[in-house]
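Enquirer: This is what each chain is made of:
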Amino acid sequence: MPQNEGYYYAAYAIVAVTYALYAVSLWRRARALKAREESSR
Amino acid sequence: MPPEFARAAWLVARKDLAIEFRTKSAFYSALVFSLLAIVVFYFAWDPTAVASVDLAPGVLWVIFIFSGLLGLNRSFGMELADRALDALLVAPVPREAIFAGKALANLLFVMGVQLLVVPAVFLVYNLAFGVELLVVLGLALVAAIGLVAVGTLFSAMVSNTRLAELLLPMLALPFFVPIVLAAAQTSSRVIAGRPVAESLPWLQMLVAFDIVFVSACTLAFPYTLED
Amino acid sequence: MHWLSVVAGAAVVATFVRAMFFTPLEAMQGAAQKIFYVHAPAAWVAFMAFGLVAVASALYLWLKDERLDRFAESSAEAGVVFTTVVMITGPIWGRPVWGTWWTWDARLTLTLILWFIYLGYLVLRGVIEDRAMQARFCAVLGILGAMLIPFIHLSVYLFRTLHPRPIVMKPEAPSLPNEMLVTLLLAFGTFTLLYVAFLRARYAIATQRDRLAAEGR
Numbered sequence: 001m002p003q004n005e006g007y008y009y010a011a012y013a014i015v016a017v018t019y020a021l022y023a024v025s026l027w028r029r030a031r032a033l034k035a036r037e038e039s040s041r
Numbered sequence: 001m002p003p004e005f006a007r008a009a010w011l012v013a014r015k016d017l018a019i020e021f022r023t024k025s026a027f028y029s030a031l032v033f034s035l036l037a038i039v040v041f042y043f044a045w046d047p048t049a050v051a052s053v054d055l056a057p058g059v060l061w062v063i064f065i066f067s068g069l070l071g072l073n074r075s076f077g078m079e080l081a082d083r084a085l086d087a088l089l090v091a092p093v094p095r096e097a098i099f100a101g102k103a104l105a106n107l108l109f110v111m112g113v114q115l116l117v118v119p120a121v122f123l124v125y126n127l128a129f130g131v132e133l134l135v136v137l138g139l140a141l142v143a144a145i146g147l148v149a150v151g152t153l154f155s156a157m158v159s160n161t162r163l164a165e166l167l168l169p170m171l172a173l174p175f176f177v178p179i180v181l182a183a184a185q186t187s188s189r190v191i192a193g194r195p196v197a198e199s200l201p202w203l204q205m206l207v208a209f210d211i212v213f214v215s216a217c218t219l220a221f222p223y224t225l226e227d
Numbered sequence: 001m002h003w004l005s006v007v008a009g010a011a012v013v014a015t016f017v018r019a020m021f022f023t024p025l026e027a028m029q030g031a032a033q034k035i036f037y038v039h040a041p042a043a044w045v046a047f048m049a050f051g052l053v054a055v056a057s058a059l060y061l062w063l064k065d066e067r068l069d070r071f072a073e074s075s076a077e078a079g080v081v082f083t084t085v086v087m088i089t090g091p092i093w094g095r096p097v098w099g100t101w102w103t104w105d106a107r108l109t110l111t112l113i114l115w116f117i118y119l120g121y122l123v124l125r126g127v128i129e130d131r132a133m134q135a136r137f138c139a140v141l142g143i144l145g146a147m148l149i150p151f152i153h154l155s156v157y158l159f160r161t162l163h164p165r166p167i168v169m170k171p172e173a174p175s176l177p178n179e180m181l182v183t184l185l186l187a188f189g190t191f192t193l194l195y196v197a198f199l200r201a202r203y204a205i206a207t208q209r210d211r212l213a214a215e216g217r
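Chains as they are written, first to last, in this note's numbering: chain A, 1 to 41; chain B, 1 to 227; chain C, 1 to 217.
It should be emphasised that the hints constitute simulated quantities derived from the structure, not laboratory data. In this text the structure is predicted, and so the values were computed from the model without any measurement. Check each hint, because a few of them may be wrong.
To be verified - Cβ-Cβ distance ranges computed for the label pairs, FRET-style:
id, chain 1, residue 1, chain 2, residue 2, range
1, C, G51, B, P119, 56 to 66 Å
2, B, G77, C, G99, 42 to 52 Å
3, B, D54, C, K64, 37 to 47 Å
4, C, W102, B, F43, 23 to 33 Å
5, B, F66, C, A106, 22 to 32 Å
6, C, R95, B, V196, 17 to 27 Å
7, C, G189, B, A87, 49 to 59 Å
8, C, A106, B, R7, 52 to 62 Å
9, A, S39, C, E129, 18 to 28 Å
All residues carry an ideal CB built from backbone N, CA and C; glycine is no exception.
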C-alpha cells in the first residue's frame, strides 16, 4: 500500500480550516450588525 | 422578426457605428492591439520549436477574445456621456431592439477587426491563403455572434461601475470557454487539411450556444436597465 | 449561537472522526483515498447550492420578492466555500492517486468554471451599489451561469472523445464496501446540513443588513 497519509492529513486540515474560517466570518459579521443595531437605537 | 423590431435594431446599430466611425479610435486600438499581440505571441511561442499549424489556431482565438473584449467595453461606455441611454430608453423602441442593435454594432466591429487580423495570422504563421482562410473567417463570424451576445449584455451591467474593464472579462470569460474551444478545435483541424465534417460536433455546439445565448441575453437585457 | 450551527458543526466533526478512525483504508490508493469522503460531498453541495441560486434568481425576476434575492446571495456565498474546498482537495487527492495535480476531466473542469461564475457573481454583488440593480443583475448572472454549465459539460465530453489525450493513471471506481459507503453517505448528509447552517446564518445577516439600510441606520 502506498504511504501517502500526508496528503490526506493536509486535505482534512485545510477543509476544517476553510469551514471554520467561514463560520468565524459569519459570526463576526453578525456581531458587527448587532452592534450597529444597538448603537443606532 | 417583425419589421419594426428589425428597423429599430438597425437604427440603434447605425447610430453606434456612426459614432464609432467619427473617430475610429476604438477600431484602430483593437486592430493595433491585435497586431501587436501577434508579434508578442510569435516570440513567446517559437514556431521553430512547435509547428505553426499547431500554434496559429491558439494565437488566433486568444487574440479574438481579447480584442473582442476591447470592442465590447466601449459599447455602453458611449452612452454614459450626457445620459444618452435615458434618451434611448424614452424613445418608442422595444428594449430588446436596443440590445439587438448594440449587439449588431458590436458584431460588425469585431468582424471588421477579424477581417484584418485573421489574414495577418495566416501570413505570420505561413499558412496557405486558400479555402481554409474563408472557413476560419466564417468560423470567426459564428463565434463572434456568441461572444457579442454575452459580451453586450455584461457590458450593459458593468458599464456604470468603477471596475468595468476588469469586470467585463471576469464575468464573460467563463462563457467564452465553449466558444474558444469549439473554434480552436475546428480551426486547427481545418488548417491541418482535415475536412470540415470532422469538426461537425464542435460546430453544432457552437451554433447551439449562439442560439441559446442570443435568445437568453436578448430576453435578459431589459432587466439590466433601470425601471 | 443558533442550535442549527451547533448541530451542523458537531455532525461535521463526527463525520471527520468516522472517516479518519473508523473507516478502513483502501488497499490500492492508500490513505489518500480518504480525501474522497470530503471531496465528493463538497462537490455535490457546491452544485446544489448553485442550482438553488439559479432557481431563486429566476423566481426573483418573476416575483420580485426580495427574500428570494437574499436567499440567492446567501446560497452563492455558502456555495463558493464548498467549491473552494472541492478545488483544493481535488489536486491534493489527484497527485498521489492519479499521478497528476490536475486533469481536464468533466467534474474538475465543471467545478472550476462554477468557481469562476460564483466569484464573478460575488464580485458583481459587491460592485453594484444600488440594492435593486444588484438584485436584478445578479439574478441574470445566476440564470445565465446555470445555462452555461451544460455547454461546459458538452465541451469537455467532446474534447475527451474527439481529442487524443495522454494516458493518465486513473483508478477504477471500486464498488465501495459498506463501511466506506456509510462514511460517504454520512459526509453527504452532514455537509448538506452544514450548508443549511451557513445559509441560515448568512440569510439572517442579509435580512438585518437590508433592514438597517432601509431604516436609514
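Enquirer: Return the numbers of the hints above that this structure violates; sort them in rising order.
Expert: Violated hints: 1, 3, 6 and 8; rest satisfied.
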